[in-house]
Amino acid sequence: METVTLTIDGRQVTVEKGKTVLQGAIEHGIKVPYYCYHPGLEIDGSCRVCLVKIEKMPKLQTSCSTLVAEGMVVSTEAPDVVEARASVLEFLLINHPLDCPVCDKGGECPLQDFAYSFGPNESRMEFPRRVFDGEGVKADVDFGPTLMLNRNRCILCTRCVRFMKEVDGDAQINIVDRGYGSEIATFQDEGVHSLISGNLMDVCPVGAITTKDYRFKSRPWDNPEAIDTICTFCERGCNTTAWLRAKPEWAKGALLVRTTPRLNPDVNGYWMCDIGRFDYHWIEGDDRLHRPLVKMEAGLQQPADWREATAKAADRITAAGTGSLRFLISAHASLEELFLIGRLGSALGTPEDGVAISWRAREKPQPADTKFKVPPIDAPNVNGARDMGFPVKASSDGRPDISAFRQQVEQGRVKALFVFDPGPPGSIGDVSWVSQARASGKLALLIVQGALITDLARAADIVLPGASSFEKDATYVNYQGRVQAASRALPAPGDAQEDWQIFVNLGLALGITLGYTDSAHVRADVAAAMSSNAAYAGLADLAFARPVTAQHWLQASNPSERWKWDVMFQDLPPVKFAGRPDPSSIPTVIPLTERD
Amino acid sequence: MSFHPLMPYGSEGFQKSERTLMARGEPFAFTAERAAKLEDICSKYPPERRKSAVLAALYLVQEQQQYITASAMRHVAEFLRITPAEVEDVATYYVMFFKAPVGKYVLQVCRTLSCALAGAERVTETLSEKLGIGIGETDPSGMFTLLEFECLGACDRAPVVMVNNEHWHEKARPETCAKLVDDLRQRGLSALSGCHLKVEQ
Chain A
-10 METVTLTIDG RQVTVEKGKT VLQGAIEHGI KVPYYCYHPG LEIDGSCRVC LVKIEKMPKL
50 QTSCSTLVAE GMVVSTEAPD VVEARASVLE FLLINHPLDC PVCDKGGECP LQDFAYSFGP
110 NESRMEFPRR VFDGEGVKAD VDFGPTLMLN RNRCILCTRC VRFMKEVDGD AQINIVDRGY
170 GSEIATFQDE GVHSLISGNL MDVCPVGAIT TKDYRFKSRP WDNPEAIDTI CTFCERGCNT
230 TAWLRAKPEW AKGALLVRTT PRLNPDVNGY WMCDIGRFDY HWIEGDDRLH RPLVKMEAGL
290 QQPADWREAT AKAADRITAA GTGSLRFLIS AHASLEELFL IGRLGSALGT PEDGVAISWR
350 AREKPQPADT KFKVPPIDAP NVNGARDMGF PVKASSDGRP DISAFRQQVE QGRVKALFVF
410 DPGPPGSIGD VSWVSQARAS GKLALLIVQG ALITDLARAA DIVLPGASSF EKDATYVNYQ
470 GRVQAASRAL PAPGDAQEDW QIFVNLGLAL GITLGYTDSA HVRADVAAAM SSNAAYAGLA
530 DLAFARPVTA QHWLQASNPS ERWKWDVMFQ DLPPVKFAGR PDPSSIPTVI PLTERD
Chain B
2 MSFHPLMPYG SEGFQKSERT LMARGEPFAF TAERAAKLED ICSKYPPERR KSAVLAALYL
62 VQEQQQYITA SAMRHVAEFL RITPAEVEDV ATYYVMFFKA PVGKYVLQVC RTLSCALAGA
122 ERVTETLSEK LGIGIGETDP SGMFTLLEFE CLGACDRAPV VMVNNEHWHE KARPETCAKL
182 VDDLRQRGLS ALSGCHLKVE Q
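Protein sequence lines correspond, in order, to chains A and B. Be aware that the first sequence starts at -10, since it is given in my numbering, and climbs by one per residue. Be aware that the second sequence starts at 2, since it is given in my numbering, and climbs by one per residue.
Don't read these hints as lab results, they were simulated from the structure. Beta carbons are placed, not taken as given, at the ideal position from N, Cα and C, and that holds for glycine. Fair warning: there could be bad hints in the mix.
As the list claims (entries may be wrong) - Label-pair distances were calculated between CB atoms; the ranges are:
(1) Gly60(A) <-> Glu201(B): 27 to 35 angstroms
(2) Arg471(A) <-> Leu56(B): 19 to 27 angstroms
(3) Glu19(B) <-> Ile32(A): 27 to 35 angstroms
(4) Cys152(B) <-> Thr(-8)(A): 45 to 53 angstroms
(5) Ser392(A) <-> Tyr94(B): 55 to 63 angstroms
(6) Gly7(A) <-> Arg35(B): 23 to 31 angstroms
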């Protein structure tokens, strides 16, 4: 790597050649504010707030668009820089409404932070602010199926325009009426229609673009717990942060209020898709299983306690013949769960073709040249199941090929079937044939372990309530073959248990001692079993995030802003420009005088 | 793509902005002749910069149907292989593109300093009185639209009136404005003085 050494604020810093002064400053924790710069987007240089003084250059330079050079001497705190920066912020705030108390971005807003740290103490603007569509939240208009737009708050940094052009690949957002009336808009107000539109909320440095899902739901300081985890809704496994709201136990509403992407340059960069971001409501939805269910003689499912349910399940399996139990597993099963199923299966004598892995693959319409492709497979662990020796058969379009297994069930050759489906609704793929086989009597015993009361669970003889991926420490292998950890953010609802626990207890009831008391122990054994595979090297030591309290809301939801909280606003006094810009610093002009 | 049950779109609850949108207009397609002309213009740019022809394309739209509509912008976007939003960005910026129907003759009176000092405001007023329309309006016969324009760069022959984005009338005088309108009705564009540089050549 070729490097360049330059001086910023008297500090010698070494930066990779080709980077900009701003990037160098960020890397070395030197405070330079910015809006239009975003590390995931091309450089624009339109907001002018990152001005710095560079020796031998005639004027102040925008550090975001100036490349580092050997021996460059940069100052970010020279008096004229401080003054110019304050003036730029004064301009940015000319039309920006002071509605922070009702704005969703309030508390994690770069404009708030930088105006506090670098802005002037007061505005000299004497005219009314430019207003689109009314004051306050009246200005919120629809900006597509997922977003709201408040153009009063927009500072025209064009991050959203560039995001759609560069990352999404379909430039749906533009600036219309350029000039004093410049505004962000979509063609004919048709709104943003994209599978990755939620990222526009993240890239927006003000509260102009907000998501309908999170709007008015919570303030950042009301989310006392933020848990770094991964998204398990498709095979990409984007790194995310799950945000939990503070609420008393008796208060209505969900704990999990949003998920935001977390930077991982190798997996998802700064982005995540809308399915992962918005389709989490099932986790605390009405369809969750809270207690085990056992089907009575009359065919009605009754709630039962765990002891009763596991004993009943073991009895029925033993009655059918332990060797006859077959497994249909969703690719949402984690490595730990797959490992335990493998151990149960080998102890019961399940044959090789007695296990099938299923998932859903669906087409996700995106522009052809998008930089962030959402994979078609809606399951996080297809590769994990393959690595662990499960029979993973996929057809050319990504769908699972389980026709042989299905045939066995439909022909009545399977006496007892155990279905494991801990994923979101429908993520196991088409399993209507299982309920049909059970209804027609071709399948004598159906046990379903999962998170939701689905049609399949309604058809089951015994239902065991498990945990979603937000409710357990579990590991998954994404489409790149990368082992990643999903951390426990919430407790499982009601009596529902973490799935490894259910397998251990079921094993005990069947007389098989698996001997685990913690998912970490299971993980250690998975690591030992997979020791020949280099990709699994770090499995046993994988770090699982715990809720970060106290400092948590100091992390902005925008992954590109998160570094700031580590260096910028920690007990540091603001770099304030006190007072008003000095009139003498205005370039002198030739005075107009009357000639004799 | 509305995949979330809590996120209706385009339904009754859909809150539109108060932004003035261009009319959708009749379905639009370039005539074969103009399409060929635009293709020729596009060939002057590198293939990856095909969208540079957007100004030329919008002028061709105006040549064909006098003003820009949403359907026309969509057609231009398809032709240049860009998004309609990018076309709208350009179309809303330039004042030479008319966003509403205009008359056969669009009288654009320069109002910047030189022309203003030479009495451009009087010229506008007289034209407005003669035609019985205000600035930005089209007369009932559909013949004339009156607009004010910023500097046309012909300060030495102020005040200047530009007609239909390309024809010139220099040294316009309030006294002769009424006659100019009548002459335009009778003789068409030949009633204009034309650009003195061209005339002198």
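To see whether the hints hold, each was checked on the structure:
1. Here the CB-CB span from Gly60(A) to Glu201(B) is close to 58 angstroms, at odds with the stated 27 to 35 angstroms.
2. Our hint of 19 to 27 angstroms for Arg471(A) and Leu56(B) is violated, since their Cβ atoms are close to 48 angstroms apart.
3. Between Glu19(B) and Ile32(A) the Cβ separation comes to about 33 angstroms, which falls inside the hinted range of 27 to 35 angstroms.
4. Range check, Cys152(B) to Thr(-8)(A): Cβ separation about 50 angstroms, and the 45 to 53 angstroms hint holds.
5. Checked against the hint of 55 to 63 angstroms, the pair Ser392(A) and Tyr94(B) passes, with Cβ atoms roughly 58 angstroms apart.
6. Between Gly7(A) and Arg35(B), the C-beta spacing of about 45 angstroms breaks the proposed range 23 to 31 angstroms.
Comparing the model with each numbered hint stated earlier shows that hints 1, 2, 6 do not hold.
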